[in-house]
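Novice: Please dock the two separately framed chains into a single complex, following the hints provided.
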Amino acid sequence: MMGEKMLETPLFGITLTLVTYLLSQKLYRRVGKVWANPVLVSIVSIIMLLQLFDLEYRDYARGGDILVFLLGPSVVALAIPLYQRREEIWKRKRPIMMGVFAGSLASILSACGLAWILGGSRDVILSLAPKSVTTPIAISIVEKIGGIAPLTAALVVLTGCIGAVCGPEFCKRIGITSPVATGLAVGTSAHGIGTARMLEVDRLSGAVSGLAIGLNGLMTTFLLPLLMAIAGHW
Amino acid sequence: MVRGLTFLLLFQFSGEAVSRLFDLPIPGNVLGMGFLLLGLTTNLVDIKWFEEAAELLLSNMALFFVPAGVGVMVYGDLIAAEWLPITVATVLSTFVVMAVTGKIAQKLEPSADDDGGEDA
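Chains as they are written, first to last, in the working numbering: chain D, 1 to 234; chain Z, 1 to 120.
Hints were generated in silico from the structure; no laboratory data involved. One should not assume that every hint holds.
[What the hints assert, rightly or not] What the simulated footprint calls covered on chain D by chain Z, stretch by stretch (three residues with Cβ under 8 Å from a Cβ of chain Z suffice, anywhere in the stretch; the number is not a length):
1. 99–107
2. 133–140
3. 185–192
4. 210–216
Using N, Cα and C, we set each Cβ at its ideal position, and we do this for glycine too.
With the rest of the complex left out, here is chain Z (with noise of 0.2 Å):
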């Protein structure tokens, strides 16, 4: 369990080191995540050392995003003052992204395992 926190803290410290050195657009724990793929790849670390912290944070993501979505209210003025095309597009936008990813993913998939859309 601490081994494998460990490892996960010190895989985004290297991804985040690397972000910052040569000031790359993509964040720390998202290099971080790379990282930990190539070294899995790689045999370089065991994937024994992390399943048991991995399904913890894993399984309880979603309440981590809590306390970001509670920090919405500091910038409730900024939204109420061009409210309108602020919530119509991000709603809207957010249903048209998912349907155009799926529909294309899906159509694109080999057909090994498709087992048909219901009512599409």
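So here's chain D without its partners, still in its complex pose (with noise of 0.2 Å):
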């Protein structure tokens, strides 16, 4: 059929997720809201139109992960704004390495008390502790610790959208308003996607996420084993 032809070739993924974030765009341009935030809306339509039409995940993945894949380049181009407010960003290198240090210490408590005083399953409260890690770091900590990878990947996606979608504006909210503060706080909560969001509000604020992106990865690595062997012991 010439349908089924048409959706062995990337060009159904990517068209479709270019004209749907377009459109996401200028709806949100138009409504102005929180809530109508072109990738949240995005992937929510297209999950949508990809249920109604009964079409598989892998066909609209085709081109979706030649997408994603610019994702690698992405991260790695952060350098050059990192580069080019070095000196702004230096002068904070203490409240920027003991944010992220409370920040990935609060999110593995959090979710992970959280998750458990609400009769999550081990697996559950497992796949949860990196869910603020970004994507290729979480998965190879769950391998380590022993959770869901998959359910994990999903949650750090989850975990990104909430953050982009409200990160900004919870931040000013609870009176942060310094960029480099709004930044590392999205950053290390929302990794990636939030870094998305703030390159769009803020240069200095995207540049800080995107470190607090490889910050938070890190200690994340390296804290969580340490407090599942401390919780062993009880």
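Specialist: See below:
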């Protein structure tokens, strides 16, 4: 069938993503509300469209994966704004390190603690632990501590969307106003998706947010096994 | 443009290679970001080569996450099975981390350009 042939190339996934994203951006500019975040609206619309037409995720991913691939060089490119603002950032190395350290600790404790209180299974609690860490690091962490890697991947994206949609406004509302602190907060909590949003708000915030992806990934990698060893002693 | 993209991929490639070779917990792209930063500070590479490509990628970074987000649909059943602890823990913890990180960083920041909190 002609329809099936069309799905065998990346054309479908890429075109669907770009068209949906452009329309979502238009909607966002029109309504200007936080919930109309283009990434969130695009994700929800594409999932609904695929289900409506009974299309397989695989057929979409053939094109989608090509766009996701561009995340790799994008992360490398974060070095450019970091280098451009290196003096401002270096002056704040202590607040940056302390902030990410506290955030990493708070992420593990609050995510696991809340899931535990609400009766989550051991698998779910462990899969939640690295939810604020960028996907590749989160997956390698969860494979080491023993959780469900695909669940972690989904939770990382979910976390990123929440942080990207609400992050900048939430920070402002609770009195976090400095661009460095805001970028650090959103990057530590919502990794790359949060960083993408911060880059749209302010370049310095975006650069710091990108730095927080790496720092939080590193800290969680070392903190989590340590915390688990402590918890195991009880 | 092509030069910038080529060098970004070369840095990602070297990050990927080092990450795999030494079995490091850091993914290749994050390592590549570190290498590029190092390359820029040591004048091994010129920032001018990268500016155009970096601008194109960074200003559209949000778009590249869309297909990754669509991927969540495959794991809908996993989330549905324990949706309450999962959603509550994920949502609340995301805000907790932002508050803790931002507040601590802001408190410790040098006060030179501090314009104070609005309604803290």
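Novice: The structure should be examined with respect to each hint, and the outcome stated for every one.
Specialist: Each hint, compared with the structure:
1. 99–107: holds (count 6)
2. 133–140: Result for this restraint: holds, n = 5.
3. 185–192: With 6 residues in contact (Cβ-Cβ under 8 Å with chain Z), the coverage given for the stretch 185–192 of chain D holds.
4. 210–216: holds (count 4)
Violated hints are absent here; each numbered hint is respected by the structure.
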